[in-house]
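Novice: Take these sequences, add in the hints, and give me the full structure.
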Amino acid sequence: MRIGELAELTGTMARALRHYEQAGLLTAGRAPNGYREYGETDAVRVRNIRALLGAGLTLDDLRPLLGCLDGDVMAQPPSARVLGIARDRLAVLERRIAAQTEARDRLLAALAAAGTAAAGRRSDG
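If you want my numbering, it's the 1-based position in the sequence shown plus 22.
No wet-lab data here; the hints were simulated from the structure. Check each hint, because a few of them may be wrong.
Derived CB-CB ranges, DEER-like [said to hold, decoys possible]:
id, residue 1, residue 2, range
1, ALA97, ARG128, 19 to 29 Å
2, LEU130, GLY51, 47 to 57 Å
3, THR138, ALA36, 45 to 55 Å
4, ASP92, LEU133, 48 to 58 Å
5, GLY33, ALA53, 15 to 25 Å
For glycine and all other residues, C-beta sits at the position ideal for the given N, C-alpha and C.
Specialist: Set out below in structure tokens:
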């Protein structure tokens, strides 16, 4: 099947499929006219990639899991390797959340201080 067919079958944009290919997660054959050609197993792989990305992993996180992406990834118990990757990604996300929470709190404090200082003034914008 061509890239447009794979995109439609998996609910993915063709641009994302080309991105997965550039990241080394998807390999397309080439027709004599140069068009990308994919098989049914590629649809399974794309669905797994999308599911794992949706769970918070990145394309870089998925690269070590290439051998697992052609089966029903979400139905299988995770391996120690997958759990390690997931724990590492969770730690990154938690650090980002903490940094964003601190930034929000600083902004709230600044707005509260500005509101107090400007309580008697009218603001037009």
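Novice: For each hint given before, does the structure comply? Return the numbers of the non-compliant ones in rising order.
Specialist: 1
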